[in-house]
Amino acid sequence: DSGVTQTPKHLITATGQRVTLRCSPRSGDLSVYWYQQSLDQGLQFLIQYYNGEERAKGNILERFSAQQFPDLHSELNLSSLELGDSALYFCASSVGGGGGDQFFGPGTRLTVL
Amino acid sequence: EDQVTQSPEALRLQEGESSSLNCSYTVSGLRGLFWYRQDPGKGPEFLFTLYSAGEEKEKERLKATLTKKESFLHITAPKPEDSATYLCAVQAVGGSQGNLIFGKGTKLSVKP
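Residue numbers (my numbering), protein chains in the order written: chain U, 447 to 559; chain P, 576 to 687.
Each hint should be verified, as a subset may be incorrect.
Stated by the list, open to error - Using 25 angstroms as the maximum straight-line C-alpha spacing, the simulated SDA-like pairs for lysine to any residue come out as follows:
| hint | chain 1 | residue 1 | chain 2 | residue 2 |
| --- | --- | --- | --- | --- |
| 1 | P | 679 | U | 557 |
| 2 | P | 654 | P | 620 |
| 3 | P | 643 | U | 490 |
| 4 | P | 632 | P | 621 |
| 5 | P | 679 | U | 447 |
| 6 | U | 503 | P | 626 |
| 7 | P | 686 | P | 593 |
| 8 | P | 679 | P | 642 |
| 9 | U | 455 | U | 485 |
| 10 | P | 617 | U | 464 |
| 11 | P | 679 | P | 597 |
| 12 | P | 638 | P | 622 |
| 13 | P | 643 | P | 660 |
| 14 | P | 638 | P | 658 |
| 15 | P | 634 | P | 586 |
| 16 | P | 679 | U | 505 |
| 17 | P | 617 | U | 485 |
| 18 | P | 682 | U | 485 |
| 19 | P | 679 | P | 637 |
| 20 | P | 682 | U | 448 |
| 21 | P | 617 | U | 465 |
| 22 | U | 503 | U | 474 |
| 23 | P | 617 | U | 447 |
| 24 | U | 503 | U | 463 |
| 25 | P | 617 | U | 453 |
| 26 | P | 679 | U | 488 |
| 27 | P | 617 | U | 451 |
| 28 | P | 679 | P | 604 |
| 29 | P | 686 | P | 616 |
| 30 | P | 634 | U | 448 |
| 31 | P | 682 | U | 483 |
| 32 | P | 632 | U | 449 |
| 33 | U | 455 | U | 466 |
| 34 | P | 634 | P | 583 |
| 35 | U | 455 | P | 659 |
| 36 | P | 634 | P | 658 |
| 37 | P | 643 | P | 602 |
| 38 | U | 503 | P | 624 |
Hints were generated in silico from the structure; no laboratory data involved.
Full structure from sequences and hints, please.
Have a look at this one:
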């Protein structure tokens, strides 16, 4: 158990819908990272927040957004969902803002029908 | 472009048969190289971080080494419970802070 929690574990929805994924980092970690894992692309970095502020952005679609709240939990919002958005979404956390050792949560499996 | 390539894609070993997994990388500057283990449907589990060429780290039957162009994960006398996908990732100097660039992994199967 890494200490990072994610909810829900599974999410099934329809195209065009909007969903919110939630992540709580390990105690003491200030950074939260979001990754997408699909069969053909592997693990892809989406976005990082550090102590409430956006720190880095990867290949995140404009339909996706994230935020980190004062209690340091983070939410990833996915809207106008397409079939291709079906994937595992992982959250990771680390102590600092410069990367370093990242600890991953169990993931949310999103299925778009 | 920063890139990570892992080989082989899949590896089948008999219990006790030692082997190595390879991770080659191309980055403008290496801040760190990371090894993770991932079981099906679960999140990656952190194993090691290596920062400079010549560095080595060990954990049970696993030993990670780093050169200027690649890293090896040596598995000594593996057991069936070592079966998993092993992921390598790099963090580049000057890139998006915190951005880990992952390889596609090596799927290891250890048969009793």
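These are the hints, each one checked on the structure:
no.	hint	result
1	P/679 x U/557	holds, 21 angstroms
2	P/654 x P/620	holds, 18 angstroms
3	P/643 x U/490	holds, 24 angstroms
4	P/632 x P/621	holds, 13 angstroms
5	P/679 x U/447	holds, 23 angstroms
6	U/503 x P/626	holds, 23 angstroms
7	P/686 x P/593	holds, 12 angstroms
8	P/679 x P/642	holds, 20 angstroms
9	U/455 x U/485	holds, 18 angstroms
10	P/617 x U/464	holds, 24 angstroms
11	P/679 x P/597	holds, 12 angstroms
12	P/638 x P/622	holds, 10 angstroms
13	P/643 x P/660	holds, 24 angstroms
14	P/638 x P/658	holds, 16 angstroms
15	P/634 x P/586	holds, 20 angstroms
16	P/679 x U/505	holds, 17 angstroms
17	P/617 x U/485	holds, 14 angstroms
18	P/682 x U/485	holds, 13 angstroms
19	P/679 x P/637	holds, 19 angstroms
20	P/682 x U/448	holds, 22 angstroms
21	P/617 x U/465	holds, 21 angstroms
22	U/503 x U/474	holds, 22 angstroms
23	P/617 x U/447	holds, 11 angstroms
24	U/503 x U/463	holds, 23 angstroms
25	P/617 x U/453	holds, 13 angstroms
26	P/679 x U/488	holds, 5 angstroms
27	P/617 x U/451	holds, 12 angstroms
28	P/679 x P/604	holds, 21 angstroms
29	P/686 x P/616	holds, 21 angstroms
30	P/634 x U/448	holds, 17 angstroms
31	P/682 x U/483	holds, 15 angstroms
32	P/632 x U/449	holds, 23 angstroms
33	U/455 x U/466	holds, 12 angstroms
34	P/634 x P/583	holds, 22 angstroms
35	U/455 x P/659	holds, 21 angstroms
36	P/634 x P/658	holds, 16 angstroms
37	P/643 x P/602	holds, 10 angstroms
38	U/503 x P/624	holds, 22 angstroms
Hint violations for this structure: none, all hints satisfied.
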